[in-house]
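Go ahead and model the full structure; you've got the sequences and the hints to work with.
If you want our numbering, it's the 1-based position in the sequence shown plus 1.
Check the hints yourself; a few may be wrong.
Derived EDC-like pairs: lysine to aspartate or glutamate, alpha-carbon spacing no greater than 20 angstroms straight-line [what the hints assert, rightly or not]: (1) K51 to E90; (2) K51 to E15; (3) K51 to E79; (4) K51 to D92.
Each pair of labels, with its calculated beta carbon distance range [as the list claims (entries may be wrong)]: (5) I48 to E15: 21 to 31 angstroms; (6) E15 to T69: 18 to 28 angstroms; (7) V34 to W57: 17 to 27 angstroms; (8) Q28 to D92: 35 to 45 angstroms; (9) N35 to I91: 29 to 39 angstroms; (10) M52 to E24: 35 to 45 angstroms.
These aren't lab readings, by the way, just hints derived from the structure by calculation. Glycine included, every Cβ here is placed at the ideal spot set by N, Cα and C.
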Amino acid sequence: MVAMNDGQDHGNSEACAGCRFVEALVQHLDAAVNGDDQRWHDATGEITDKMHSALWALHRMRSEAATTYSDEIDNHGEAARAIAALGAEIDQLWHTLMDDVSQGDDPNAGK
2 MVAMNDGQDH GNSEACAGCR FVEALVQHLD AAVNGDDQRW HDATGEITDK
52 MHSALWALHR MRSEAATTYS DEIDNHGEAA RAIAALGAEI DQLWHTLMDD
102 VSQGDDPNAG K
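Right under this line is the structure:
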């Protein structure tokens, strides 16, 4: 199979890895939101923190570019590190949810 421009890969009518991840993530988030506060925090806390850090770093990078202090602050590096940390968190979530799901498995099987 060959991935198309939108990242979808449905060449043989099976759900692509991205679609399987989305379905597994829907189930993961649904279980978390319907659980207690600790379950919600365990499921979303780290990724939420990383998202906020990346967004805030990008915002500061843009707004501080107009200041005289911008050369003294590692805005570019901080933003890059925050985005990399978010990517690592998403990669970890991918592996947590997908390592047991082989390419042809349907995450809805057994429901």
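Structure-based check of each hint:
no.: 1; hint: K51 to E90; verdict: holds, 8 angstroms
no.: 2; hint: K51 to E15; verdict: violated, 32 angstroms
no.: 3; hint: K51 to E79; verdict: holds, 12 angstroms
no.: 4; hint: K51 to D92; verdict: holds, 13 angstroms
no.: 5; hint: I48 to E15: 21 to 31 angstroms; verdict: holds, 27 angstroms
no.: 6; hint: E15 to T69: 18 to 28 angstroms; verdict: violated, 56 angstroms
no.: 7; hint: V34 to W57: 17 to 27 angstroms; verdict: holds, 25 angstroms
no.: 8; hint: Q28 to D92: 35 to 45 angstroms; verdict: violated, 19 angstroms
no.: 9; hint: N35 to I91: 29 to 39 angstroms; verdict: violated, 22 angstroms
no.: 10; hint: M52 to E24: 35 to 45 angstroms; verdict: violated, 21 angstroms
Violated hints for the displayed structure, listed by number in ascending order: 2, 6, 8, 9 and 10.
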